[in-house]
Amino acid sequence: MKNTIALILGSLFGLILVKAEVLSWFRIQEMFAFQSFHMYGIIGSAIAVGALSVWLIRTFKVKSLEGNLIELNDKAPRYTSAYVGGTVFGLGWAMTGACPGPMYALIGSGTTIMVLAVVAGVLGVLTYAALRDKLPH
Amino acid sequence: MNSLVEWISQPWPWYVAGPIIGLMVPLHLILLNRTFGISSTFRHVCAACIPSKLDFLNYDWKAESWNLVFAVGILIGSFLAAAYFSTGEPIALSEAAVARMQEFGIQDMSGQHPADIFSWDHIGEWRTLLFVILGGFLVGFGTRYAGGCTSGHAIMGLSHFQLPSFVAVLGFFTGGLIMSWLILPLILS
Chain A
58 MKNTIALILG SLFGLILVKA EVLSWFRIQE MFAFQSFHMY GIIGSAIAVG ALSVWLIRTF
118 KVKSLEGNLI ELNDKAPRYT SAYVGGTVFG LGWAMTGACP GPMYALIGSG TTIMVLAVVA
178 GVLGVLTYAA LRDKLPH
Chain B
76 MNSLVEWISQ PWPWYVAGPI IGLMVPLHLI LLNRTFGISS TFRHVCAACI PSKLDFLNYD
136 WKAESWNLVF AVGILIGSFL AAAYFSTGEP IALSEAAVAR MQEFGIQDMS GQHPADIFSW
196 DHIGEWRTLL FVILGGFLVG FGTRYAGGCT SGHAIMGLSH FQLPSFVAVL GFFTGGLIMS
256 WLILPLILS
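Those sequence lines, one after another, are chains A and B.
Heads up, the first sequence is in the working numbering, so the first residue is 58 and it goes up one at a time.
Heads up, the second sequence is in the working numbering, so the first residue is 76 and it goes up one at a time.
Hints may be right or wrong, so weigh each one.
If you anchor each label on the Cβ, the simulated ranges turn out as follows [to be verified]:
1) Pro126/B x Lys120/A: 17 to 23 Å
2) Pro86/B x Ala105/A: 44 to 50 Å
3) Pro126/B x Phe117/A: 41 to 47 Å
4) Leu257/B x Thr184/A: 35 to 41 Å
5) Trp112/A x Arg202/B: 23 to 29 Å
6) Trp112/A x Glu164/B: 35 to 41 Å
7) Lys137/B x Glu123/A: 15 to 21 Å
8) Arg202/B x Phe94/A: 41 to 47 Å
9) Ser185/B x Lys118/A: 33 to 39 Å
Once the Cα atoms are required to be at most 16 Å apart in a straight line, the calculated EDC-like pairs of lysine to aspartate or glutamate come out as [claimed, not checked]:
10) Lys191/A x Asp130/B
11) Lys59/A x Asp130/B
12) Lys128/B x Glu128/A
Treat the hints as calculated values from the structure; they're not laboratory data.
Computed from a prediction, not measured in an experiment: that's the story for all the values here.
C-beta atoms are modelled at their ideal positions from N, C-alpha and C, and glycine is treated no differently.
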């Protein structure tokens, strides 16, 4: 059941990433050069809808499909890793023109060379896992 | 029916796409009782495929296999979008962006990504390897170090006002602006 739902949600998400051109390297460059409102409008309105939803879920104590109360854990208060790691990700985002979701969507929609970006990303995780104890968080 | 397909096939404006992406937050919480996030899939793949004794990779990734199924869904949805619901028109970039791309020497703006960099035909070129492999590596390393990506931090995290997510988004833009303004012009010129 969970997997069926995840498959449907993922398909919808993949469709939107293509239709809204979020997966485009050109759109990402345009965003970082502040030359269009498009990406800011998408991310901003997504956060607005997300925040309103979280507020409604909390206010009305909405339960999940399985009948459990929905719990939202706070993110770990690690600010050095959030900023430095975020900066490393930002460098890669502007280079590949894609964050992880769009990488999958690029593969699906025909820019199959991005398979190599995903493989490199997995090796990036491995490198982080190996260095984790030595990095400031 | 045809007109519906035609309508879907047009590029979607931000005010249609953005709110639907935002709905991923409650859909994950209510239907899956999980938070929205995609970069963790890289960690699950790493834990599943690369045997190691590292603490960070020894966890029950199978319990999060729904996340990998979500990624498979992205592959399917994006394939369908490109194959059946697309006009094939180039992306309607702003004039300023087109001019900047031309300054970078990028002529082919017909696809989603510049075909003269992101294609198998150019796999032997250092520029392509740098953009795809180094870029991908930085995305994988950075998202795990930061604890999330655009979906997990920017959309999910900011939706419930997490300060670490705000700091992470500042980092995303620090890195993105440095790359876009200082490093890319050097690589592309």
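* Violations among the numbered hints -> 1, 2, 4, 5, 8, 9, 11, 12
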